[in-house]
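Participant: Chain by chain, the residues run as shown.
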Amino acid sequence: MAGTSQIVIDQVSHTYRPPRGREVLALQDVSLEVRGQEFIALLGPSGCGKSTLLYLVGGFLPATLGTIRVDGKPVSGPGPDRGIVFQHFALFPWKTVRANVLYGLEKLGLPRAERERRAQAFIDLVGLHGFEESYPSHLSGGMKQRAAIARTLAIDPEILLMDEPFGALDAQTRSLMQSELLGIWQRSPKTVIFVTHDVQEAVYLAERVVVMSARPGHVKAIVDTRFGCSDPSVFKSKAFVDKVDEIWGLVRDEALKAQGNQSP
Amino acid sequence: MARVIWRIAPWLSVMAVAAAWELTARSGVVTPFMLPSLSVVVARIWSDAASGELVANLGLTLYRALAGFAIASAVGIPLGILIARSRPVRWFFDPIVSVGFPMPKIAFLPIVTLWLGFHDVSKITMIVFDAIFPIVTATIAGTAAVDREILWSARNLGASDRDLLREIIFPAALPEILTGLQVALPIALIVCIVAEMKMGGVGLGGAMITASRFAESPGVFAGIVEIAIVGYVLVKVMAAARRRLLLWHQEVLAPATV
Ligand SMILES: Nc1ncnc2c1ncn2[C@@H]1O[C@H](COP(=O)(O)OP(=O)(O)OP(=O)(O)O)[C@@H](O)[C@H]1O
Ligand SMILES: [Mg+2]
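For the record, the sequence lines run as chains A and B.
If you read the first sequence in our numbering, its first letter stands for residue 1, the second for the next number, and so on.
If you read the second sequence in our numbering, its first letter stands for residue 1, the second for the next number, and so on.
Incorrect hints may have been included.
Coverage of chain B stretches by chain A, computed from C-beta distances (three or more under 8 angstroms per stretch; other residues unrestricted) [as the list claims (entries may be wrong)]:
1) 154–164
2) 171–177
Calculated from the model, a selection of chain A residues having no Cβ within reach of chain B, i.e. all distances over 12 angstroms [what the hints assert, rightly or not]:
3) Ser-46
4) Leu-91
5) Lys-190
6) Gln-259
No wet-lab data here; the hints were simulated from the structure.
We put the beta carbon where it would ideally sit given N, CA and C, even for glycine.
Just need the whole structure built from these sequences, with the hints factored in.
Facilitator: Next up, the structure:
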């Protein structure tokens, strides 16, 4: 699939219509094409609709207007081809860490030994060794987040939708997880849409950074951020710092607008 | 030391009531017919137990109450989940539940007796109709409150519609479902006793009415004490079951905090 567009988001709008309270136009006319095996980062001020866009691509919510196609087929519901890591983890609280990770593997119908092996491998990968039998309510926020990442990575989806997946992690763990994610992406290439508030992280991980406008969200700018080097030393290079500054400027403008929107 | 005091504190109140009962009965303010002393009542329970009468009555009452409770759970939990999940089912059953819950179901006793006779079937039917409402309403509330991201992540990991009900919604709603069951179990016992009193026959309630007909007040009070103990044990067993089933739940971590 590399090279051609795997995810095509075409003029998509989404309006939340809560049973009570006012309607919210969360996304307006969003168009974006993501190539197969591309790593995209999504930046934008809080409340601009990043999570909503992931929900639409994941097939959890219908687009109010416009269409989303994955591999040429319109999205009509969720599926294990598009693995998602939710912003609020959404672990199954009645299952242990191991059982959480095993759930998707069971649905894949893998043989028992293979399931156990894979679950353990991903639990180790996210550094939760020793907490396999813990319930989510006994874990810290960052540990829950890593458990959720392991659960999604374990089913090896072709497309990864990650909603601020490292948001609850300390700088050290975050940096480790970033390299792990890049490693996985390089070993078994997949298409990634990665939501983050961290401009450095976006520039470091992604091939292209999509900056969204304040609500109603649409694509404000797309910036190419390929450096041909995933070495952490890249952080200090001039090109890297300039890119971060450029994107930071775009994000800040929108964040200021979003602030202004708070009291209409 | 403080731990020991808090351990026995609940028993102190029970012992205080028991002592007050015994003293009042012996003081001569009331006749033994109006209030037999606790020691007489205990002796009566003891002799009932020795003759095997207690076991027979207790067994039948428990059988009816638990059978009714089991049927109410087996029907009420799936029904509650369906009402919360399916719009047509909700439209049909919501009014029935809203009207039926506050209604005094015991008022139907004569009709049920007319239709089903005096035997266990009618008693168990009464129990089911009373116990099912708290189960259904708690299950609806629990199911409706399941976080949508949890449902979505299950879907995302490949859960089918059926998997979703059994593997995700039921366990996610279990804390509230258990609360409903904890309310329903004493109701099942209460309705069982009342139905036995009204319809007569073997059972703790029936035995009390028989004793009352023969103006035998120790028998009546023995029934009250027996029912209190049975109720207490049932409530405690349910609470223990809850702790076992909700090991994963936050509430199990710190049961004593507010
Ligand atoms: N269930 C909902 N009902 C009504 N409005 C909603 C709902 N969920 C989100 N919204 C609105 O849609 C807009 C976009 O929300 P979304 O969660 O997609 O933002 P976000 O970009 O992910 O923000 P953050 O960075 O804070 O996570 C918000 O302004 C919010 O008010
Ligand atoms: Mg979000």
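Participant: The structure should be examined with respect to each hint, and the outcome stated for every one.
Facilitator: For each hint, the structure was consulted:
1. 154–164: holds (count 7)
2. 171–177: holds (count 3)
3. Ser-46: Ser-46(A) clear of chain B: closest Cβ-Cβ about 18 angstroms, beyond 12 angstroms.
4. Leu-91: It is violated; Leu-91(A) is separated from chain B by about 8 angstroms at its closest Cβ, not greater than 12 angstroms.
5. Lys-190: For Lys-190(A), whose nearest Cβ neighbour in chain B is about 15 angstroms away, the distance exceeds 12 angstroms, so it holds.
6. Gln-259: The claim holds: Gln-259(A) sits with its nearest Cβ about 27 angstroms from chain B, beyond 12 angstroms.
Hint 4 from the earlier list is the only one contradicted by this structure; the remaining hints agree with it.
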